[in-house]
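Single-letter residue listing:
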Amino acid sequence: MSETPERDVRFETLSGLPIQALYTPDDVTGSYAEKLGAPGEYPYTRGVYPTMYRGRLWTMRMFAGFGRPEDTNARFKYLLKEGQTGLSTAFDMPALMGYDADHPRARGEVGKEGVSISTLDDFERLFADIPLGDVTTSMTINCTASIALAMYLAVAEKQGVSWRRVGGTIQNDMLKEFIAQKEWICPPEPAVRIVTDMIEFTAAHAPRWNPVSISGYHIREAGSTAVQELAFTLADGLAYVEAALARGLDIDSFAPRLSFFFDVHNDFFEEIAKLRAARRLWARYMKERYGAKRPESMRLRTHTQTAGVSATAQQPLNNVARVAMQALAAVLGGAQSLHTNSYDETWALPTEDAVTVALRTQQIIAEETGAALTIDPLGGSYFVESLTDRMEAAAAGYIATIDRMGGMVAAIDEGYPQKEIADAAYRSQLMEDRREKITVGVNKYVMAEEKPIHFLKIDERVELEQIERTGRFKAARDMAKVERRLKQVADACRNGRNLMPVLVDAVKDYASLGEISDVYRQVFGLYREPIIF
Amino acid sequence: MTERSVRVVVAKPGLDGHDRGAKIVARALRDAGFEVIYTGLHQTPEQIVATAIQEDADAIGLSVLSGAHNYLFKRVLELLKEKGADDVAVFGGGIIPPEDIAALKAMGVKELFTPGTSTQDIVRFVREHIRAAV
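Sequences listed follow chains A and B, in order.
The opening residue of the first sequence carries number 1303 in the numbering used here; numbering runs sequentially from there.
The opening residue of the second sequence carries number 38 in the numbering used here; numbering runs sequentially from there.
Using C-beta positions, here's what the derived DEER-type ranges look like: (1) Arg1763(A) <-> Arg41(B): 44 to 50 Å; (2) Pro1327(A) <-> Glu136(B): 54 to 60 Å; (3) Asp1436(A) <-> Glu115(B): 47 to 53 Å.
Dumping the calculated DMTMM-like pairs for lysine to aspartate or glutamate here, alpha-carbon to alpha-carbon at most 25 Å: (4) Lys1759(A) <-> Glu148(B); (5) Lys142(B) <-> Glu1751(A); (6) Lys1759(A) <-> Asp137(B); (7) Lys1721(A) <-> Asp68(B); (8) Lys1746(A) <-> Glu1308(A); (9) Lys120(B) <-> Glu72(B); (10) Lys1739(A) <-> Glu1752(A).
Because the hints were derived from the structure by calculation, they are not lab data.
Remember, it's a predicted structure, so these values are computed and weren't measured experimentally.
Every residue gets a Cβ at the ideal spot worked out from N, C-alpha and C, and that includes glycine.
Generate coordinates for the entire structure from the input sequences, incorporating the hints supplied.
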């Protein structure tokens, strides 16, 4: 029998973990009860719920937002009609950075990368005719999240929906902003204080709301490896837990509402192993380090999104295939909700046709492939279990390093995660340039002539109209009331009282997102990043 | 007089925080022997042009992934002209649709790189098209 020599490629995961030719029972350690356990039971490796997708499918949640509030409202209604089961809101850069549409710094960016929001008037248009007691809404917003949550609760109140019934998630993960996504107003300490206010407030008044979605997605998109994504995300989560405990909250009063958000990249098994390792690690930290008693406190529930960074501008239809496989990995990894990217997003915001294919991809996985018919189908695979163990150990190593630095806020001040990510991103780009890492259509199977695809164009008039309307609306307000409210916000910033009640009052009197952000800038000061490249 | 090396300001204009590409390009240009000044995030066109003039830069590389490229590139070109610094070459990259690329090049942007570009192509562009001022 002749032996074929192995192909001349790197036998390693996308994150650089070496892969053996074959995995056998010798590669799996520990007992079933200790390492895996039944789904819905500690340490939740096989899933956070006992029945998983046999009980309920994951939430198909497509991120949407562009133009004026009414443009996004129409897209929301379209997605709900097409069978989507939860809303997910993308805001434009001015809203994400704390500027109203009519601010000079907003020029060129109004409604471009998401929906434009300045006052409660915009929020009311955004959710017009959508009963907030019946849908759950995710909002991807961070340094201005406190203001967006106040506006959402104010709209619910106007619709006559009790805050206790309002369900959803606000991203509100400021630590990963300093690490990766880079949207900030004030420095880490006051930023974490605002996050903690929101954790405390929702635990008491909006118990179905997830006040923070601890996000690895942006860390990964910024260039980290899967192991770094896992480690930095959990370390961020531990920092929020520490902050809430320091506030005097009981672990079991807030931990059940901490939720997560991971990227799902191209390396199929590595991504599945990452999600399984994340659940096991989090459960152990909650139980062993913080003494959580309620099972809900130990369950890592996660949203997932296919990897934007894996999409190629070249031969964009190939992205449909990438997204399908990444989405399948998210499902086999036991995600609670999923956004599938559209194939045209390396060029522009997605068209309705492209979004529909992305949503249908999830529906095909759910209803045609059989992947959702049994729980954790890859559990017990020698390879997947071994990879899960290695991801867990490698991430725990990083977390121990961050613990020694004094936790994530201190590590960020030192530029540690930022440097790790920049290095990994550069390494990966060089591998791609040298064709040690293949991207189909980019550095292999390249086509000289490509057929153009159709893109979504946001009409420039949308921006001008929104700027004009915002200016007009703000000019017609009772400014004495607005000033009084802004002073109350400033006082709460200074005296350390929970900000959320005064924010709700302020937005109801139409204090704007930009004006409240100005208060944050004045009281807390602006963050300046260390320049690392 | 010895020839000094080409000096490039790599900048992130506007509010968008996606700096992966900008940092990789900055590092690749630095590794290729150019002098690189990276501005950091959230820069106004005014700040970027001021940096370029102050640093005596030969080129500005702008990275925009937020869809605001039409406004931001145009504004940087206008300001360079206003300050009499339009000998500074402007190039860039990001999420930029083909028709916008054509319009921006017609406006005076030297080159635009879209996702999937290798760092070697960017280094080659700077080497071949940007000259150090004397």
